[in-house]
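Protein sequences, first through last, are from chains W and U. Residue numbers for the first sequence follow the working numbering, beginning at 1 and rising by one. Residue numbers for the second sequence follow the working numbering, beginning at 1 and rising by one.
Hints listed in this document are in silico derivations from the structure and should not be mistaken for laboratory results. Given the structure is predicted, the values throughout are model-derived calculations rather than measurements. Even glycine gets a Cβ: it sits at the ideal position worked out from N, Cα and C. There may be inaccurate statements among the hints.
With a cut-off of at most 30 Å between alpha-carbon atoms, the simulated BS3-like pairs for lysine-lysine come out as follows [stated by the list, open to error]:
#1 U:165 <-> U:215
#2 W:17 <-> U:217
#3 W:16 <-> U:173
#4 U:173 <-> U:217
#5 U:165 <-> W:16
#6 U:215 <-> W:17
#7 U:215 <-> U:173
Derived list of chain U stretches under chain W, where covered just means 3 residues or more per stretch with a C-beta under 8 Å from a C-beta of chain W [claimed, not checked]:
#8 90-99
#9 109-115
#10 139-146
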Amino acid sequence: MVLLLARFTLREAVRKKAVLGGVVLTLVFLLLYGVGTYLAFRDIDHNQFLSGQPAVRRGISGELLLAGLYFVDFIAGLLAIFSSVGTISTEIEQGTLHAIVPKPLRRWEVVIGKWLGFAAMLAIYVVVTTLAAIVIVYFQSGYYPREAGAGLGVMLLHTLLLLSLSMLGTSTLSTVTNGIIVFMLYALALVGGRLEQLGTLIRNQTLIDIGIVTSLIIPSDALWRLTSSMMGAGGLVTGGGIPQPGMFSVTDPPSTWMAVYAAVYAAVALVAATLAFRRRDL
Amino acid sequence: MEGRPAATDSTRAVGARGDAAMGAGDGAAPPGLRATGVTPAIESLNLRKTYGQHVAVSGLTLAIAPGEIFGFLGPNGAGKSTVVKMLLGLIFPSGGTARLLGRPIGDAGVKARLGFLPEHFRFHEWLQAGEFLEFHASLYRMPGPRRRQRIGEVLELVGLTSRVKDRLHTFSKGMLQRIGIAQALLNDPEIVFLDEPTSALDPLGRREVRDLIRKLKAQGKTVFLNSHLLSEVEMVCDRVAILDRGRVVRQGLLRDLLGESHEVELQIGNMTPELRQELAGRYRLLRADGVAVTLGVTCRDEIPGIAEAVIRGGGRLYGLTARRFSLEDLFVAVVEGGSER
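Same shape as in the complex, but just chain W:
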C-alpha cells in the first residue's frame, strides 16, 4: 500500500507544472553552467600565471563545482518544501483525501507513501543534477571531489530533512502556515550558517554560538557546509599558497555528527508527521 501511494505521489508530482518548470530551469542552468565553466577554464588556460599553478587551478575548479552544487542543493531544498507543503493539508482542504482514507489502509501509510514518492523524485533530481555538475567540471578541468559519494549522500540528506519537516507541517497545519514556517526555517538556517562562518573568520564566539544554535534548530545549512567540505578543494589558493575560503567553500566545516543529528532529526519529524496525521480530523 505504501508503494502504491508512493508511485501515485511520484506520478502526481511529475505531472505538476511546478516540478516540470523546475526541471526545465535546471536543464537551462546546466547548459549555462557548462558554457560558463568552459569559458572560465578557457580564460584560465590562457592566463600565464594561473595555468602554470595546479593548486590555484584546483582551488578554482572546486569553487566552480561548489557554485553548481549550491544551486542544486538550494533548488532541491525549495522543491522539497514546495512539492510537499500542501500534500496532506491541501488534500484535506479540497476533500480529495475523503475518498482515500476510508479505504482499507492505515493513515501512516498515507504519510509514508507520500514521503517516499517525493523522496524518490527529489533523489532522482539531486543525483542526476549533482552528477551532471561533477561531470561538467571534470571534463573541463579534470577536478573530481575527494568525497563525491559522501557529499552526494549529505546533499540527499539535506533534501530529505526539509521534506520530512514539510511533511510534519502539512500533517498538522494548513498549507499556507506550513509553507511560511518551513521556508522561514530554511532561511533562518542560511542566515545562521553565514553568521557562524563570519564568526569563525573574525573569531567571534557569539556569532559562532548563534550559528550552532541555529544548526540545532534546523541543520540544513550545516549540511550544506558539510557537503561543501566534501565536494570542494579546500578553498582558493592565492599567491601565498595558503588556501582562503571562497564564496562557496568553508574553512571550518561541521562535524560529521551533524549528519547523524540531521538524520535523526528527519526521522523524528517523519514519525511525528505520521502520529499527527493519525489523530487529525479530516
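Position chain U relative to chain W; hints supplied.
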C-alpha cells in the same frame, strides 16, 4: 411514536428500538439487533462530536439493519456529514462509540467492505477516469483481473464507459458525481455511504441513482443516504432520521412517520365562530384564513366526518382537498419546531 410496528423482521426491530432510543432522548439505551440475533450494519451509541464549545453532534444513537436503506436528513449545518465522517473514520468522535458490521469504526477488515461517495466529490482531476478507478481499486487491494472486471462493470453502471480515457478535469459536475459513485461501488461493498449523491445530477441522472439504490437494496446492501432532496429520500428509503443542531429529532420507519396523516383544505362559506371552534376541537387546525381552513387528520377515514361536521354546523362547503403528508411536510414541521403529529 405512533404506529410502532411489531418486531417481526430485522428492519422493523431496528426501527422500533431506534424509536425507543429517540423517545428517551440522549443517553438512552443503545438500539440494536443483537437481541434478535442480527448484527446491525451500522450502530452508534451516544456518538458525540464537539469543536470547543460548539456541539456538532450530540449523543447520536442509531442502529441500522443489514439491507436497509437509511435516509439521514437535516438542514445545513445539522451535523449529517460529521456523522458520516465519524462512521468512516475521517474524524474522531469526542465521545460515544460506533460499530460497522459488528466491528469498531476504523477496523481495516471492515473498511474493505465499505463504499463512500463524499459530499463534495473532489478527486485527483489530473487522472483519466480509468486511472482514477484503477487507483481506487488498488487501494482495496483487488487483484488485477478482478480490478479490470469491476472497473468495466462500474463504468457501465454509471454510464461512463465511453469516457474511460478522459481526464477528470474535463468532466462536468454530474459526471464527477457519477465517477464518484463508481469508485464507491468498486469493491462491491456491503455498506454504501452516499453523501448527497444526486446534488449535481439532472432529473434523469437522479432517477438513475434512485434505481441504483433500489438495485443495491435488492442485492442486500445497506445504504446510508445523506440528502437534502427529501422527495428522493421518500422514494427510496425504508427508514429515516432527522438531525437538527446535532441531535436526532425524529427517527423511524418512513411509513410510520408519514402514516396515513393528511392535510385537508376546506373552502367554507357561512363560517361562524362556533363552527370554527367545533372543527378546531375535533381536528388539528393548521391554518385558517377567511373562508379557507386547513386541518390535519391522522387517518384518511376522518375526512368524510369533516364534511359532515361543516354541514351540520351550518357551513356551506365549496371545496375539500385532501393531500397526504409528505416527508417534506414532516421535515419542515420537525425542524421548525412544529407540533407533534
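Q.
Need the list of violated hint numbers for this structure, in ascending order.
A. Result: hints 2, 6 break, sorted rising.
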